[in-house]
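Student: Spelled out, the chains give:
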Amino acid sequence: MTRGSLTRTKYALCAAYTLLAPAAGAQARAGREASESQGATVRGRATSGSPTEQTIAPQELRAVPRGGAPDLLALAPGFFLSSHAGEGKAHQFFLRGFDAQHGQDVEFSVGGAPVNDVSNAHGQGYADLNYVIPEVVDRLTVIEGPYDPHQGDFAVAASARMDLAVRDRGVLVRGQYGTYDAMRAVAVWAPRGASNETFVAGELGRSNGWGPSRASQRAAAMAQYQRELGAFTVRALLQSYAGSWQSAGVVREPDFLQGIQGFFEARDPQQGGFSARHGAVIEARFRHGSTTGSIRAWLTRREFRARENYTGFALDPRGDRYEQTYSATSFGLDAEARQPLLSWLNLRGGAFARHDVTTQSMQRERFVDAVAYQRMIDADVNATDIALWAELEARPLSWLELRAGLRGDGLAFQIDDRIARSGGAMEPRGRRDAQGIHLGPKASARLRFARDWTLDLAYGKGFRSPQATTLGQGENAPFATVHSGEAALRFNGARGSASVSGYLTHVDRDLVFDPVLGQNLTIAGAEATTRVGASANARLAPVRGLVLLASATYARASFDATGRAVPYVPSLVARLDAAFDREIGRVRGVPVALSAGVGASLIGYRELPFSERSEPVLLVDAGASVRVSVVEVGVKLRNVFDARWRDGQFNYSSDWDAAPGGSRVPVRHFTAGRPFTADFTVGVQL
Amino acid sequence: MMKTSKKWLQSGCVALLVGLGACGAPVGSIDVRAWGEEFVANEIPASEFEDGWGVQFSKFLVHVSGVRFAATGGPSYSLTGGGRVFDLKPAAQALSIGTISMVEARRLDDVRFELSEATASSTVGNASASDLMVMQGGRYALYVEGTASHPMRGTRSFRWGFTGNTRFSNCRDASSQPGLVVTSGTAATPGQLTFHADHLFYDGLQNPEAKLRFDAIASADRNMDMMVTLDELATVDLTTLPTGQYTTGSARNVNTLRDYVTALVTTVGHWNGEGHCDEAHF
Amino acid sequence: MSDKRWVSWSMVASAFAMVTVFHCGPVSTGGARTSIQASLRGATPTGPTSAGWSVTYEQALLSVDSLRWNVGEPVFEARLRQRLFRAISIGTAFAHPGHYSPGDALADTSVLRVLDLMGPTVQLTSITAVTGTSNSATLTLRPADAARAAGTTLSAGNTVRVQGTAAKAGATVRFRMELADAFDIAGTPAHGEIRADGTTSFAIAVDLGLWLDRADFSTLAMVAPAMDGVVDVPADGQVRNALFRGVSNGSAYRVTLLPASGQ
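Chains as they are written, first to last, in our numbering: chain A, 10 to 695; chain B, 27 to 308; chain C, 4 to 266.
These aren't lab readings, by the way, just hints derived from the structure by calculation.
Each hint can be trusted.
So these bits of chain C aren't anywhere near chain B, every CB distance computed over 10 angstroms: (1) Met121; (2) Val125; (3) Ala150; (4) Ala159; (5) Ala172; (6) Ala263.
Chain C stretches covered by chain B per the calculated footprint, using a threshold of three residues with CB under 8 angstroms from any CB of chain B: (7) 189-199; (8) 233-247.
These numbers were taken from a predicted model, which means no experiment stands behind them.
Quick reminder that beta carbons are idealized off the backbone N, C-alpha and C, glycines included.
Please take these sequences and the hints and turn them into a complete structure.
Tutor: Below you can see the structure in the form of structure tokens.
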């Protein structure tokens with residue numbers, strides 16, 4: 010066998026594994042790799058199906074304090090999460106120059122089930138990850154850009170997938186208590202002898218919140234079972250979650266400066282919300298000859314309610330607080346397979362189908378007694394997304410790997426709009442239906458040179474489905490279409506890895522948050538936007554037990570029509586995580602381990618309307634724990650330096666005085682960022 | 027095995043390419059319609075009025091021109107044939123006034139039309155030749171004839187012709203969606219220029235709480251011939267009417283009932299029923 | 004070269020790339036906070052009214068609460084109305100039959116005083132504003148309380164006071180009246196670009212001629228004057244109706260953008 014053919018074989022095996030992994034779900038891989046991989050954290054394409062795919066093992070960095078499972082996303086380059094409306098509401102995601110709001114530009118999946126809400130009245134693609142118990146997140150896989158044909162709706166800026174498994178088998182019971190009367194209890198049972206993907210976990214939490222109107226509660230349960238059945242590997246996941254939160258809302262900057270409103274004070278104490286999610290996933294992975302694949306079915310029930318007030322009384326003297334509700338029953342199928350066609354050519358393909366039966370509403374309510382006085386949305390939306398995709402992977406030369414794929418999505422919407430027509434008529438707007446097709450070609454090339462170096466070039470076209478209530482009868486559903494190109498230089502060494510990439514992304518129908526209307530809107534005459542950015546990340550494991558993870562992303566986003574900057578997008582997001590976890594000795598024969606971690610986030614300025622910029626923010630978290638035999642005691646410090654920072658920042662008009670006469674000129678508003686908190690943990694691992 | 031795979035692969039690629047190539051922009055057509063709704067075809071019932079009057083039109087002539095459908099930054103389609111006169115009274119249903127074919131099937135967000143003065147080059151739509159002559163003779167954009175009835179005050183007739191050009195643009199439908207969604211296929215997408223005749227009797231020019239009234243108009247019948255003319259309306263100064271009625275907002279030079287009714291003409295044009303447009307004189 | 008060094012070099016290269024991106028990026032979201040100036044004065048009639056009366060004012064007082072400049076186009080104006088969408092926009096539903104939508108506010112100020120329209124021009128400075136194209140203005144006129152009315156001839160509880168002489172064809176009437184109504188003057192044309200440099204200035208002239216343009220003072224002929232010879236206009240008369248309509252009409256408030264200094 011020649012060296013070339015050997016290399017090709019190696020590549021084929023690698024690629025086969027790569028392709029199989031996402032196809033069959035990373036769950037199995039997680040289990041298999043538990044013993045063989047002690048640390049591969051941020052990796053390039055070594056085990057991926059997309060040139061920009063990066064896999065992170067968050068448990069390796071668990072010493073770094075985090076709020077919950079959504080905060081794990083900060084480990085991926087360029088991700089910044091804002092929690093401006095209370096703990097319990099979905100985070101606001103920023104990455105690669107996108108203000109992805111609550112998920113409109115990022116496709117999320119957990120355990121094989123999609124997370125983004127279709128046509129949620131609060132925001133298209135709303136993705137509430139709070140239901141995920143962080144202790145059972147084994148792998149976080151992020152595909153930046155829309156370069157993989159498996160990526161579907163909402164994969165405008167990226168896709169993020171959480172795979173669930175527990176490597177530390179046995180029973181874990183952990184309690185946490187901290188400032189602001191925050192309590193959390195979690196229990197995980199991972200039966201020994203079963204695969205890593207088999208576990209039962211539960212979580213209860215509550216907090217008075219760091220300031221008025223910030224209390225929250227949550228309860229979550231997740232159970233997963235996986236076993237081999239002949240040629241099949243079967244996995245079933247059940248989960249249930251309910252969370253509620255209060256929100257302090259915005260602080261009007263001039264009022265804060267004049268002492269009218271405190272930094273953490275709430276002007277409207279009736280803000281908050283409720284979110285619930287109940288779901289099931291069943292998956293079968295199979296091998297038939299040289300063909301491998303998987304088929305997965307999922308069912309999800311969602312309930313959501315949010316009450317927010319950004320403008321006080323500016324729109325109506327009765328009060329501007331709005332309530333948005335959304336409930337949905339969603340189910341779908343996701344099947345894919347991979348087959349070698351030639352020695353140097355593989356075919357990957359799959360089908361995806363999803364149906365959402367939703368009901369949504371939005372209404373304004375009186376400030377004093379919360380009685381609704383104006384209904385703006387009252388609709389049932391049934392949405393269907395059916396997709397087929399295929400990708401050819403060729404390795405014509407030992408140093409060259411090519412991929413070309415195509416994804417076609419057919420989306421259909423049926424809308425029953427119960428809002429009365431304009432002009433004083435009583436008749437509802439009635440039923441409408443709309444349908445559209447989106448074709449998204451993808452292509453990439455990987456050039457391998459030197460021993461550990463690769464150069465990746467990628468292009469992809471992705472889409473975001475429209476908010477259904479904006480569609481007209483018979484409208485050819487106007488997708489937001491994204492074209493993205495990327496070049497990346499990657500290094501993968503034994504003790505470290507690094508990559509540098511540049512990208513260009515164009516969105517033809519972008520959405521910008523309008524705090525006054527509480528919705529994301531396209532801006533007439535300036536719908537299209539372009540982002541140019543660069544990203545770098547590196548991972549080092551210089552000594553045993555120590556892992557360093559650093560990333561930085563710089564992006565500029567602008568409107569094509571005006572050349573002006575897209576508001577609210579952070580220019581720079583940098584993150585450093587350092588975690589040390591190692592047995593340091595024995596006391597009377599009992600092993601003692603020390604774990605310590607530091608995480609630092611630097612969020613650069615954000616462009617705001619009227620040529621203003623928010624201030625850069627540096628946040629540092631730190632934590633440490635000592636593990637003696639089966640008992641672990643630790644402390645988690647968030648915002649160590651107690652930086653008084655402004656989380657969400659907006660420029661718009663508001664008036665918090667019910668009496669007429671207040672100014673309507675736009676002013677700065679902000680939501681107060683999390684102050685210093687300390688939480689103490691005690692855990693037992695049996 | 028490999029041979030079979032190759033064939034399979036080739037077939038797949040061809041199918042993909044054909045599929046991609048077949049995805050050209052679909053086209054449809056627009057059936058442009060005009061209607062005065064039941065208020066013109068039948069009557070404006072007394073229940074609509076604040077003061078007990080009811081109105082029945084016998085003629086409602088509109089001179090329509092400049093009908094255009096466009097997508098921002100995209101294609102634009104116009105109804106050809108120049109200005110035409112339509113009588114909306116006999117139209118029990120929306121009247122088809124023309125079809126625009128080969129229209130890209132998509133949302134055309136900028137819909138506009140004009141209610142403009144008839145000229146020598148104007149032609150008849152469904153109106154009679156004599157109607158056309160009336161419109162051309164007075165250079166009218168809108169001409170209405172009708173009768174108002176009141177159980178206590180009897181009846182008054184009116185015959186009013188209005189000059190002036192108004193462009194209705196950026197029309198949104200009753201769901202506040204811009205323009206018109208043209209669907210592909212053989213069935214034409216209807217797009218309706220709707221004329222709200224009741225607006226001629228509103229008592230506020232810039233008032234969301236405006237009411238329909240006819241009392242003051244009936245009282246303008248100075249010569250007691252039971253026919254209220256525009257000249258008679260011109261003799262009624264608004265300052266002789268209660269201050270809460272016939273408010274003018276920021277409109278200039280609206281001093282008499284004639285000025286008032288003439289100003290209201292610019293608000294009659296609507297889109298697809300209750301949809302609104304921006305209005306502009308030109 | 005060791006892994007560590009490669010990683011270090013990668014980070015340096017990425018920093019370079021980011022600096023490059025930074026220099027290619029857009030400048031800002033556009034627009035700016037600024038301030039404007041406004042002057043307020045009464046414009047006395049320059050000729051007879053449309054009813055043929057020559058009106059000479061002795062007093063003209065107006066209690067003003069606030070002024071605001073808006074993006075929204077006025078209705079009934081001979082120009083194309085434009086879309087109101089902006090990055091941040093307060094949506095306003097259309098209303099029958101006049102479709103005035105104020106849209107975003109660009110500038111506003113609380114005046115909260117009684118203006119003597121026969122006196123010197125009142126200067127309002129440092130009015131909070133943002134850049135943009137103003138198209139209309141709203142004025143809020145409210146009855147003055149005792150404190151606001153103190154020192155003026157306007158009686159507390161009233162919004163407007165006029166006193167003067169009307170003459171026509173040898174007939175002369177001295178009149179006075181006050182209005183206690185609240186007025187929201189909306190959609191007054193107020194076109195002008197508010198610039199970022201803080202020098203934008205508007206002149207607001209209250210057209211006192213238009214206030215009484217439709218008044219028929221002959222209707223006061225049968226009303227006995229007060230001791231001082233001045234007729235107190237009756238509440239239900241045509242003249243008061245004319246003043247009410249004149250004051251409430253937005254076109255009586257002429258808002259003009261003053262040329263930038265140096266032009």
